[in-house]
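Peer 1: Please construct the entire structure, taking both the sequences and the accompanying hints into account.
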Amino acid sequence: MPRAVRSPADFWSGALFAGFGIAFAVAALAYEPGRATRMGPGFFPFALAVVLSLIGLATLVRSWLRAGPPPLGLTSRPMVLVLGAVVAFGAMLHALGLAAALCFVVLVSASASSRFRWPRALLLAGAVSGLSVLVFATALQLPIPVLGRWLGG
Amino acid sequence: MELLGDLATGFAAAFTAANLLYCFVGVLLGTLIGVLPGLGPNATIAMLLPFTFTLEPLSALIMLAGIYYGAQYGGSTTAILIKVPGEASSVVTALDGYQMARQGRAGVALATAAIGSFAAGSFATLLVAVLGPLLADVALAFGPADYCSLILLGLVASVVLAQGSLLKAFGMIVLGLLLGLVGSDVDTGVERFTFGIPKLAEGIPVAVAAMGLFGLGEIVHNLRDEHAREPIARRISGLLPSRADLARIVGPVTRGTLIGSALGVLPGGGSILASFAAYSLEKKLATDEDAFGKGAIEGVAAPEAANNAGAQTSFIPMLTLGLPSNSVMALMLGAMIIHGIVPGPSVMVEQPTLFYGLVASMWIGNLMLVVLNLPLVGLWVRLLSIPYHHLFPVIVALCCIGAYSLRNNVFDIYLMAAFGFLGTLLVALRCEPAPLLLGFILGPMLEEYLRRALILSRGDPTVFVTRPISAVLLALAAIGLIAVVLPSVRKLREPA
Amino acid sequence: MLAAWLGALVSLVLLVAPASAEARYPARVVTIVVPFPAGGPTDTVGRLLAQAMGGALKTQFIIENIGGSGGVLGAARVAKSAPDGTTLLLHNIGLATSVALYRKLPYDPRRDLEPIGLVNDVPMSFVARRDFPASTLGELIDYVKVRKDEVTYANAGIGGASHLCGLYFMSAIATRVTPVPYKGTGPAMNDLLGGQVDFMCDQTTNTTNHIKAGKIKVFAVTSKARLPSLPEVPTMAEAGLPGIELGVWHALLAPKGTPQPILEALAAALQQALADPLVLDRFAALGASAATRDQATPDALRRHLDAEIAKWSPIIKAADAYAD
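Residue numbers (the numbering used here), protein chains in the order written: chain A, 280 to 432; chain B, 93 to 588; chain C, 6 to 329.
Please keep in mind that the hints were generated in silico from the structure rather than gathered at the bench. One or more hints might be untrue.
In silico DSS-like links for lysine-lysine, alpha-carbon gap of 30 Å or less [what the hints assert, rightly or not]:
1. C:LYS153 x C:LYS316
2. C:LYS109 x C:LYS322
3. C:LYS322 x C:LYS188
4. C:LYS322 x C:LYS261
5. C:LYS150 x C:LYS220
6. B:LYS291 x C:LYS150
7. C:LYS109 x B:LYS291
8. B:LYS291 x C:LYS188
9. B:LYS291 x C:LYS85
10. C:LYS217 x C:LYS229
11. C:LYS222 x C:LYS188
12. B:LYS291 x C:LYS322
13. C:LYS85 x C:LYS63
14. C:LYS229 x C:LYS188
15. C:LYS85 x C:LYS153
Peer 2: Okay, structure coming up:
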């Protein structure tokens with residue numbers, strides 16, 4: 280980030296918008312634009328993407344002109360643990376089943392807290408997993424594998 | 093007074109022991125699935141469809157309808173308690189409802205939602221009975237160009253949702269519009285922005301985006317400075333609204349009900365716009381605009397009234413014309429056909445008991461919901477007394493199950509995580525995710541109507557100003573835009 | 006009371022008796038995959054069929070909706086399922102047209118699926134907004150030939166019946182009108198009722214009620230003979246355009262390799278279901294004619310599928326319409 284920027288949060292937002300805008304615009308070029316009488320699949324997204332890029336640009340320019348607050352820090356630990364746990368849940372669900380995947384997602388996401396204690400988290404994971412299996416699989420009959428392929432479910 | 097006679101027949105039909113039971117089962121199920129994130133009325137009704145085979149047609153419809161509006165009720169519960177809006181319509185409720193919960197006023201917020209919904213539901217039900225067919229004809233006058241202008245008006249209004257920078261709010265809307273376009277193009281079937289992933293061809297479900305942006309995003313945000321404070325106040329101040337609170341919500345509930353009733357009749361996403369429009373109106377009318385987004389009770393009352401009123405009036409096109417205004421209505425039409433009732437304008441004439449019985453049951457169901465939910469408020473609020481470090485892993489788990497059960501596929505869980513990341517990023521950059529979500533919901537509709545309007549006008553853009561309805565809506569959008577932009581322009585002139 | 010108990014006992018015995026004979030089909034729940042969302046017309050047919058066939062085979066038939074890509078996803082799932090008679094496919098005319106509409110179809114309907122039988126046929130109807138200038142099919146054709154692409158016609162999505170019917174009409178009169186695509190027949194009918202769009206071709210299920218209420222105009226039905234539900238409406242041939250006979254048919258299929266005895270049992274159950282008064286009554290309400298005993302057989306469906314693929318592929322290719 281250049282040093283002259285007076286509003287870092289705006290600077291990065293502008294960069295984000297412009298980035299998304301340019302990416303969408305480039306991708307939209309692959310689709311038929313069509314004519315005004317019959318717009319193709321590319322017309323509307325391309326127009327929007329250009330607008331988004333311009334908004335991004337304006338936000339970038341403004342970050343030089345007007346002072347603003349810094350972005351909140353992206354503390355990586357809770358983000359990685361919580362979102363990582365969610366992704367892991369998805370990866371485990373079919374192989375190990377709902378019961379095991381839930382224990383895992385609860386334990387890992389709970390460890391993102393500074394108040395994390397093993398015994399309590401284990402208890403919580405067991406309770407959430409057991410109750411969810413009862414509610415979603417037994418009572419509501421949702422088609423979720425309770426025991427995964429690897430556990431013979 | 094033919095209507096009174098018809099209504100009496102309707103109440104007589106709805107008041108049988110069996111139908112009261114089905115109504116109760118419906119609203120109870122609806123509330124429960126509304127509370128569980130991701131599990132929408134769609135999946136539930138599809139699951140229950142075979143069961144309704146064995147029922148009388150009226151009983152079947154009463155139960156299915158109960159599930160639908162019950163879910164709208166339940167959806168606001170999680171929106172308020174843990175900022176996980178279960179339905180598109182409760183996205184707005186999450187803004188101020190959740191802030192109220194953080195301040196220890198979760199009980200008041202939940203009770204306000206219940207009371208507002210009941211008042212709105214009662215009025216809208218009466219409207220369906222009295223003016224149903226007339227309103228359906230009005231809705232038919234809405235052409236693609238008019239919908240386009242209505243959606244533009246909604247988008248302008250949604251700028252008001254955000255606090256802080258206008259420019260960034262516009263950016264969020266446009267980004268939302270673009271993300272909403274991911275999937276197959278209606279017109280040509282071309283897959284756009286799917287990176288060849290087949291699961292993306294059907295688009296990104298709103299609930300997945302909402303759970304990621306709001307639910308997961310909020311959790312990561314809360315964990316950021318967890319040691320500094322407990323994210324949600326555990327001391328609860330009052331379960332029910334005070335007399336002063338009630339006085340404050342009369343206006344918002346009335347206006348919300350009117351907006352919701354009017355927009356709910358429009359089949360093309362009108363009811364989704366209703367809660368956003370009601371919220372924006374209240375914020376603009378408020379003496380203290382800055383209170384919104386920080387726990388303003390008006391910000392809960394108005395959108396909740398609007399979405400429940402809209403839920404009731406969205407039955408109008410289905411019941412009077414046989415046209416489904418959303419996928420739940422399509423399922424109910426399917427249920428009617430399975431029972432040998434061909435939906436269409438003649439249903440009202442040939443089956444008055446069915447029509448008025450269902451309308452009467454909707455009023456009864458709304459009463460049941462308020463009786464059911466007010467005592468539950470205490471129970472829900474007690475959930476918040478669980479320390480946050482125990483509560484949030486449970487929310488994460490529920491979101492995971494919800495995301496999977498939407499379409500029974502794992503990919504949606506990854507999508508939710510991706511939206512969680514985007515949400516975290518945006519909050520860190522001080523961008524409000526709410527306008528993005530509205531853009532996301534409206535993006536595909538805006539494109540669809542825009543293209544259709546231009547096909548029908550043979551490429552002539554003046555259709556948007558020559559059609560009276562469209563012209564009025566565009567003028568309103570322009571006025572709204574000025575109202576939104578002027579204060580910030582003025583602010584800019586003041587020395588910073 | 007006694008009779009009820011006796012009945013229960015009898016049904017219990019009936020259930021238990023065949024179970025002793027080991028490999029009898031069906032040993033467990035049969036899933037009919039409907040490749041469209043719940044609540045749609047194909048889903049409705051599927052649910053009626055599941056109920057009746059379940060009764061015929063004394064087992065539970067359940068519906069699984071696997072929507073997406075105009076029915077391709079669900080059909081592909083069934084084509085890859087175990088050929089043991091526990092996963093079936095209920096599809097419609099889209100099965101035949103997908104061959105030409107999709108350049109990358111993940112299955113071949115003739116090679117990867119085993120026909121069981123035709124289920125029913127829903128005729129289409131040509132309808133227009135109430136204040137449309139033309140009142141007969143002849144007038145419509147004259148009007149269209151003069152105004153050409155100023156005339157708009159609504160379709161409910163690429164590859165859907167309304168889209169195909171429109172293509173068929175345009176190729177028959179050798180004139181192109183402007184198609185206006187919609188997401189499903191509901192919104193399309195909405196705009197037709199509101200007078201936004203000129204005409205459309207849709208299943209009689211959706212149009213009959215509106216025609217009778219005088220909210221839309223009707224030109225003709227696409228069935229061979231006039232319909233009992235709309236006796237005053239001429240057929241296409243009577244209205245002056247012979248050769249346009251089409252309907253949305255539904256058919257039941259199984260994965261390739263399903264054993265012959267199972268296919269026969271299923272075809273028999275299908276025929277029994279199609280004789281069920283409740284099923285016939287509901288089909289009649291939909292304006293659908295149930296397949297006859299001869300049509301509800303594997304051979305008849307095989308021939309029908311071949312004929313339909315041969316009929317639609319050139320029309321779709323000529324219109325240069327692709328769905329992928």
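Peer 1: All hints, please: hold or fail.
Peer 2: These are the hints, each one checked on the structure:
1. C:LYS153 x C:LYS316: The hint holds at about 25 Å.
2. C:LYS109 x C:LYS322: Holds, at roughly 15 Å.
3. C:LYS322 x C:LYS188: holds, 23 Å
4. C:LYS322 x C:LYS261: With a Cα-Cα distance of about 28 Å, the restraint between C:LYS322 and C:LYS261 holds, given a limit of 30 Å.
5. C:LYS150 x C:LYS220: Status holds; Cα separation ~25 Å.
6. B:LYS291 x C:LYS150: violated, 43 Å
7. C:LYS109 x B:LYS291: holds, 16 Å
8. B:LYS291 x C:LYS188: holds, 19 Å
9. B:LYS291 x C:LYS85: This hinted pair holds, its Cα atoms lying about 18 Å apart.
10. C:LYS217 x C:LYS229: Distance of about 21 Å is within 30 Å: holds.
11. C:LYS222 x C:LYS188: holds, 22 Å
12. B:LYS291 x C:LYS322: Satisfied, since the Cα-Cα distance of roughly 27 Å is no more than 30 Å.
13. C:LYS85 x C:LYS63: Given that 30 Å is the threshold and the Cα spacing comes to 26 Å, the pair holds.
14. C:LYS229 x C:LYS188: holds, 29 Å
15. C:LYS85 x C:LYS153: Violated, at about 45 Å.
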